[in-house]
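Enquirer: With the hints as your guide, set chain R onto chain F.
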Amino acid sequence: MSEGTVIRPYGDTTGDGMVQTSFTLPVPPGPQADGAALQLAAKMGISPAMVVHSTGIGTAFTFFVVYGSVQHLVDLAEVHVEERPYPLLSPSEVNAAVKTRLRRSLVVLGACIGTDAHTVGIDAILNLKGFAGEKGLEYYRELQVANLGAQVSVPELVRAARTAKADAVLVSQVVTQKDAHLRNTRELAGAFREAMGESRPLLVVGGPRFDPAMAADLGVDKVFGRGTTPGEVASYLVHALVPSPDSQEAPA
Amino acid sequence: MAISAQRVAGVSGLTLDPVLVARARELATRAAAPVVDLAKAHTTVSVERAVLRLAGLTGTDPVLGDGEVPWVNRVVDAVREQVGLESGVALPVWHALANGTAPSLSALAEQVGAGTARFTVPTGAEADRAREVARAAVGTGIARIDANRARREELVATLGDPPRRPWIYLIVATGDIYEDIPQAQAAARAGADVIAVIRSTGQSLLDYVPEGATRTGYAGTYATGENFRLMRAALDEVGVELGRYVRLTNYASGLCMPEIAVLAGLERLDMMLNDAMYGILFRDINPQRTFVDQRFSRMVHARAGIIINTGEDNYLTTADAVDEAHTVTVSQLLNERLAHEAGLEDWQLGLGHAFEIDPDRPESFRLELAHALLARGLFPDAPLKWMPPTKHMTGDVFRGYLLDGFFNLAGALTGQGILLVGMMTEAVVTPWLSDRDLALRNVRYVLDAAGNLAEDFAPQPGGFIDARAHTVLTEALQLLERIADHPQGLIQAIADGTFGITKRRPDGGKGLDGVFRKAADHYDPALELLAEAKEPAGV
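Protein chains in written order, with this note's numbering: chain F, 1 to 252; chain R, 1 to 539.
Chain F with its partners taken away, still in its complex shape (with noise of 0.2 angstroms):
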């Protein structure tokens, strides 16, 4: 632990470790609740710990406020954060760097392939609606967004991202039996590399089957598991195919 970068919680003097939090156990309001909540207070490092309020929820359940100094100290030089190689943007973030850098709406295509018919990973990336409280990538001014829906097969999406010179195809699967996602994935690189070669639209899978490690061995360029947001898609599609402010370059 080195000295200076040590610090604790901030309530009006520097080092009381003041801290609040509010929670809920399963027991009926009253001194044993009270109790209760100051032993889970105490092992959370909190103390001295005040109860400041309890009460009751129905017969079954007491809400809690605590405050109390909180014992544990935290040390700057140990924290480490992972960063996302590229950045989280919002949506009108992503709308300003396709308008200015590419100068064009982005092309994307969607689809389940196989015969998967659970549309729900795409529907929730893509339709308007979105997921997570996020709209889905229709709500971005400047993608240009065709679902194809379900049990779409490899040659007719290769057809399709053709057809509408998409930048990006992404494709869904939720259910999946004997690793059919993976044998399908590897399936939609391969007919996209022998059709098009280097000029093929970038390949995005997900679902919450896949690992996001498996990307270069599945043959695409980036797999999303269980759980991503639509900006977390349209935030790598800005960093994949949109030329970064400082070059040049047009993307492939």
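Hints may contain errors.
Stated by the list, open to error - Listed below are the simulated BS3-like cross-link pairs for lysine-lysine, each with C-alpha atoms no more than 30 angstroms apart in a straight line: (1) K503(R) <-> K40(R); (2) K165(F) <-> K503(R); (3) K99(F) <-> K165(F); (4) K99(F) <-> K503(R).
To be verified - Pair ranges (Cβ atoms, derived): (5) G405(R) <-> S244(F): 36 to 46 angstroms; (6) A96(F) <-> G405(R): 27 to 37 angstroms; (7) G497(R) <-> R183(F): 32 to 42 angstroms.
Unchecked claim - Pulled from the structure, derived: some chain R residues nowhere near chain F, Cβ distances all over 12 angstroms: (8) L155; (9) V240; (10) G243; (11) A484.
Quick caveat, the hints were computed from the structure, so don't treat them as lab data.
These numbers come from a predicted model, not from an experiment.
Where is the CB? At the ideal position from N, CA and C, for every residue including glycine.
Expert: This is chain R only, laid out in the frame that chain F set:
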């Protein structure tokens, strides 16, 4: 007291220019006319499946897939393959039954499953006979809907309505109906008047209604007939305990809108989300499919005494709540027109709007009041559905709690009918037990402290609020004029991207392959029965 109560219940504090209001309704009628014509001239797979549901066909084909395909889908698909759906499903199905091909509708469905059913479209006396038996069979479902409506009225009379307006509307959604039930009962005990069970993500896009009690869903619980029944029974139980009728809400939207409307009527749901354009704009469902399905579903809701909730709040989550305020007004007017045309009365129109103006904008609360009062003034007899902030909920739960308090105050001050309770953890987590409890405390505080403030509150004529409301109304009229002047009215306006920022072509989106132009002999006993008696039983 009596005088002020009357004023609050009647007109809002605003006096809207009656010439503008009359012109708005006239334009909405004109803009919607081509949509009504289109809806009358077509049928869809889901409308035809709804007919079979009204006649009592339930269950799924155990052999196909994982046993998830309902019999109504199997039968409608078989009719469609063999003779097409232009004449409707009723004629060939009840022709087969009248011929003694199968002893019952479910037995006929099993023949479809076995691949032995053969359908033909009858003519002449055979068609008359098929129509007669079809009408009687579908009439049993309509009778059940009527009985449910009467039962609701009886329960409201004996148990009582919520003590005050706005009704407090709370959402539960765990994905597991058996988890939803205790949560819904707890919410009712804590003060919720209306419980909505949010649907599983993407159910809108399923072209069938799942069957049975379901225990898994994505960010919501599937709408199924059995889930409806279980939750209805649970809320009736807690209603008796609390001494007030607790209303149940679900979603008649997406590709199965007509069927879900029927299931709601059969299981005595009280409110249904049902917007004329939501599926088109936000789910990319084909516009023609949506308008045909929407009209049928609204006719069922009208008969069932169900209050519809429209989805104008969604526009404001994608567009700026000040710049695009007039699109909300336009959509409300169109939703009203299409609802009236389908037989819904004013008390059944939970027209939507939302508190979504950027709180960092100066005068944001006064602008919110202006918009809310405009809706109140335009639709004095509709129970408006007031939706809480979502777009500017940032994860700062403390600021969010304050914002929800202002939302509640605006709702009380402007006489909103249905108040969806805002959660300070919006955009953070699905609401915890404590989030709901805190949110309800917020609502109770505001309604207890300021619930009658409307009686002292009248914006000055020509003042900021009055002027803003008239500006929005004028912009709405200009937009309605553009829509009404389109040769294809509303449908072309949607293709041009008038609402929200999406453009939806009349022949694009999902579900167009399930739309059929009706032949001259098309027969839908449900539509016939629903259109005959605009005055439903029990009123």
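Enquirer: Any of the earlier hints contradicted here, and which numbers?
Expert: none
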